[in-house]
Amino acid sequence: MVRAMRWVRGSGPATLLFLLPMLLVFGLFSWWPIARTVVMAFQQTNLVEPAHWVGLDNFHRVLTDPLLPTAIRNTAVFAGLAFVFGYPVPLLLAVVMSDLRRLRGLYAALAYLPVVVPPAVAVLLWQFFYDATDTGVFNTALGWFGIGPVPWLVSPHWVLPALVIQATWAAAGGTVIIYLAALTSVPRELYDAAQVDGAGVLRKLWHITLPHLRGIMLVTLILQIIGTAQVFLEPYLFTDGGPDNASLTVLLLIYNYAFGSTTGGGDYGDATALSLMLAVALALLSWLYFRLTRSWSE
Amino acid sequence: MTESNSFVSDDDLRRPAVRAVRRVLNVLLLAFLVVVALGPLLWLAKSAVTPAQETLRRPMSLWPSGPDWSIVSDAWTSLDLGRYLVNTVVIAVGSWAVQMLVATTGGYALSVLRPSYGRFLYGAVLVTMFVPTVVLLVPLYLTALDVPLVHVSLVDTYWGAFLPAGASAFNVALVKRFFDNLPSEVIEAARVDGAGPVRLFTSIVLPMSRPVLGVVSVFALLAAWKDFIWPLLVLPDPAKQPISVRLPALAPVTPVDTFLAALLVSTALPIAFFLVFQRFFLRSEGIDGAVKG
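Protein sequences, first through last, are from chains A and B.
Residue numbering for the first sequence follows the working numbering, starting at 705 and increasing by one per position.
Residue numbering for the second sequence follows the working numbering, starting at 8 and increasing by one per position.
Bound conformation, chain A alone (with noise of 0.2 Å):
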């Protein structure tokens, strides 16, 4: 028994053996690009000469880049828009699906389709839908009812949104999952207990349904702020930032400084810069999305 209890709690070669792949995984591709970030921050480096260090160089020149406040300002655009149309669309949709008592399985299956689609497979697809001609997919469809040509993903007032509306369709299911879970946790005793006193049904979705929710729907709102923040994968491919830098995000400019082939890439310095910038912001979100989910877990 002591024999058998002694590797237990000790720090035996068995316990490093099992930390083992973690701690080289964690160590290379996590916590060493971490700490390399913070430093190469400071640093001028083209990968040829040794790096040196230049202070804040790379901040005030990043910061003093006009494109960076162009690319703030549509990323934000890009996250209000995500918001006003974008959130309300999954917990419409869970609400009135929790209700179903049968084939519940089916709708959701059908709801959460898109999110399988790759999403270079979704954008290259939609890339069809928002053909800015008369006879694009999306273009054809609307003037059946006399609306459009609409000139989609060409138009400098229409690509953002254009780049909501496929994002709202390749990430609102799992959103849905989310919210039918939430749905069917609600105890069934309150249902009663308000039905006992007369509530009718809009009522009980009012005051019983919806505060239930209240929790998850905040952790879905700071979900979905960190998810538009990082929004890169739609106007890379859709239309690499354009036209003339409308589309142009926080990201996308990261990884230009660094890969792009228009500016020829290769400042890596201003690119580690401004992604601390915006991981700094994310983290202060993330961390506000963990308080939020133990505080809704316990």
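Everything labelled a hint here was simulated from the structure, so no lab data went into it.
Every residue, glycine too, gets a C-beta built ideally from N, C-alpha and C.
Do not take every clue at face value.
What the simulated footprint calls covered on chain B by chain A, stretch by stretch (three residues with Cβ under 8 Å from a Cβ of chain A suffice, anywhere in the stretch; the number is not a length) [said to hold, decoys possible]:
1) 22–32
2) 43–50
3) 129–137
4) 228–238
5) 268–277
Given the coordinates of chain A, work out where chain B should sit on it, guided by the hints.
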């Protein structure tokens, strides 16, 4: 008595107005889901077997000239889709294996073996959740170019795609939490019977953890299949790229019908995978998967 907990009770259902509104909402919901969620995929399926001229001139016509299956087989051979699908499967399976290894061994050490520094380590793992991977793109790429300690480059090797996928704090947390809740009597009994740490792991803990391993597996495989930006950076050699990275490069040089057929082929496998394993995706554990996505 109501069957399920809903804001509409059986008593409410006796009122004709409630029944009518519910019926209308259900029909609207189904119509919405079919048109919006399924519609784009149905359009893709139709256009993948329709000649390019038809699709370009009248994209919304239902069934212009009947299915032309040769478009799909042409796309398969002319674009060499088989090779890119194999690459994608290799990347997905390899990333899955690394994630499983890291999450199960790490979760086991932290939850069952519990070394004195375990809390500190778990904290260091959880902290990485606050730092999104996309923000780390540049230093991660430079690390892959010249891995510390061993000084090899992972660029254009599949290890460059597999290994960073393993650094998922959500997987470790999910698995550790599950291990924490395993019945301690079973683990104690195995210890008393003289099972060592390795034996306890392989014959007791892992077999009892099938549900959580299933959830981690399906989300790991799907995430690897969906990944775009990291394989784009770490696998610049087209011959090694997965299909999602290859498709954007093929778009400008491929006829429309062939290209749409290629899109259909690259979507078919993940959809089939989802339909087979949907119970894993549609349960509440999906919350963590959604966070990761």
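Going through the hints against the structure:
no.: 1; hint: 22–32; in the structure: holds (count 3)
no.: 2; hint: 43–50; in the structure: holds (count 6)
no.: 3; hint: 129–137; in the structure: holds (count 5)
no.: 4; hint: 228–238; in the structure: holds (count 5)
no.: 5; hint: 268–277; in the structure: holds (count 4)
In summary, the structure agrees with every hint in the numbered list given earlier.
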